[in-house]
Amino acid sequence: MAAVHFAVKESSTAPGSIPVTWDPINKNAAVALSNHNLTATMPSALTRSGFGTLTRSTGKYIIRFDIVAETNLLGIGFANASEVSTNWVGQSANSVGPDPTGDVYTNNAVVARGDGFVAGDVVYCVLDITNERWWHKVNSGTWNNTSADPEAGTG
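Take the sequence shown: its letters are residues 1 to 155, numbered as in this note's numbering.
Please note: incorrect hints may appear among the correct ones.
Quick list of in silico lysine to aspartate or glutamate cross-link-like pairs, DMTMM-like style, CA-CA up to 25 Å [stated by the list, open to error]: (1) Lys27 x Asp121; (2) Lys27 x Asp66; (3) Lys27 x Glu151; (4) Lys27 x Glu83; (5) Lys27 x Asp103.
No lab work stands behind these hints, which were simulated from the structure alone.
Work the whole structure out from these sequences, hints included.
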């Protein structure tokens, strides 16, 4: 089983937490929600998606994923409204995110590499929708496993 707990926070240009949970309606039937829809669990043999309750079309956002349990099929990240719940994160051009090895996928291709993650790790993902940029780090590591800086928009 793979399980992920998450919370979203807007960038420093718009500080403060945004109340967001996994969306109980906009998810694949194989994804089970618990902990007031803050934890999503799915059978380890499936690659299915669940989506959050927050939607945005511009701006920069950071999301924190607490990896409760992990399999090699777990992917985390961001998706637009056109993504379908039978896809894995990054399978289409409608989503982007890292898998446990640290490979970042979109449109079924590796577009970047960063640190991998396992159960017990905290993964931070930043998406700059306006400038079409992406960063992630694991625990207190570096962004994109380099000197990248999402606040400055570099890397």
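Results for each hint:
The straight-line distance between the Cα atoms of Lys27 and Asp121 is roughly 24 Å, inside the 25 Å bound, and the hint therefore holds. Pair hint Lys27 plus Asp66 holds up; C-alpha atoms about 19 Å apart against a cutoff of 25 Å. Between Lys27 and Glu151 the alpha-carbon distance is near 31 Å, which puts this suggested pair outside the 25 Å criterion. Among the hinted pairs, Lys27 with Glu83 is consistent with the structure: their alpha-carbon atoms are about 11 Å apart, no more than 25 Å.
For a cut-off of 25 Å, the pair hint linking Lys27 to Asp103 stands: about 23 Å separates their Cα positions.
Checked against the numbered hints given earlier, this structure breaks only hint 3.
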